[in-house]
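Chain residues, written in single-letter form:
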Amino acid sequence: KQEVTQIPAALSVPEGENLVLNCSFTDSAIYNLQWFRQDPGKGLTSLLLIQSSQREQTSGRLNASLDKSSGRSTLYIAASQPGDSATYLCAVLSGGYNKLIFGAGTRLAVHP
Amino acid sequence: GAVVSQHPSWVICKSGTSVKIECRSLDFQATTMFWYRQFPKQSLMLMATSNEGSKATYEQGVEKDKFLINHASLTLSTLTVTSAHPEDSSFYICSAIVWPVGSEQYFGPGTRLTVT
Numbered sequence: 001k002q003e004v005t006q007i008p009a010a011l012s013v014p015e016g017e018n019l020v021l022n023c024s025f026t027d028s029a030i031y032n033l034q035w036f037r038q039d040p041g042k043g044l045t046s047l048l049l050i051q052s053s054q055r056e057q058t059s060g061r062l063n064a065s066l067d068k069s070s071g072r073s074t075l076y077i078a079a080s081q082p083g084d085s086a087t088y089l090c091a092v093l094s095g096g097y098n099k100l101i102f103g104a105g106t107r108l109a110v111h112p
Numbered sequence: 001g002a003v004v005s006q007h008p009s010w011v012i013c014k015s016g017t018s019v020k021i022e023c024r025s026l027d028f029q030a031t032t033m034f035w036y037r038q039f040p041k042q043s044l045m046l047m048a049t050s051n052e053g054s055k056a057t058y059e060q061g062v063e064k065d066k067f068l069i070n071h072a073s074l075t076l077s078t079l080t081v082t083s084a085h086p087e088d089s090s091f092y093i094c095s096a097i098v099w100p101v102g103s104e105q106y107f108g109p110g111t112r113l114t115v116t
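Chains A and B are the protein sequences, given in the same order. For the first sequence, position 97 matches number 97 in the working numbering, and the numbering has no gaps at all. For the second sequence, position 111 matches number 111 in the working numbering, and the numbering has no gaps at all.
These are computed hints drawn from the structure, not numbers from a lab. A portion of the hints provided could be inaccurate.
[Stated by the list, open to error] Using 30 Å as the maximum straight-line C-alpha spacing, the simulated BS3-like pairs for lysine-lysine come out as follows: (1) A:99 x A:68; (2) A:1 x B:14; (3) B:55 x A:68; (4) A:42 x B:20.
[Claimed, not checked] Residues from chain A shown here face chain B by an in silico Cβ test under 10 Å; the list is partial: (5) 34; (6) 87; (7) 93; (8) 99; (9) 100; (10) 110.
Everything numeric in this text was worked out from a predicted model, so none of it was measured. For each residue, glycine too, the CB sits at the ideal point set by N, CA and C.
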């Protein structure tokens, strides 16, 4: 059974720091891995999707890497801003029928 | 990009009543839709997978008679919480895809259900 773990559970940093959020999964047989952002009381915003054949994806200040063999992904946020404050969720697509398995998330607070 | 809407965005109902939540794909036809629930400060848990024109597939532990799912068209799926109780209070989120396996899921904005 696929399980997804995210570390740390919470993070509070001053503005401008470079951040690394970690995601690990137990079954390396995945189709893809996705990082989402969720603001309080809101739905999900897709940030980056990495297909199983890819090693990384970049979008602006965000970079996500995938090491399928070791079951790990990292989300790198450069030059963090207060507007980056949110919960970041990692999810893997594995098994049949397009089931996304989510981690518990990392709650990020960036203070001025 | 693909847009998924949900209605209502929030609802308050009394214990024992039923509530219907709609999930619509606005600019694409979704062969499959998914329903998730999220408790405060917890992650999303898949409740069921809904394919157009067929019965939904429920995850283990989800009561299919309590959470009725209908996917009558390629752009609309509904979740009805029957005989709601306070423990059903949660954030319900839907997503939609166009097959095949591995397709990106597009998420709705969620519905906050509070049962009093």
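(request) Return the numbers of the hints above that this structure violates; sort them in rising order. (result) The structure breaks hints 2, 3, 10; every other hint is satisfied.
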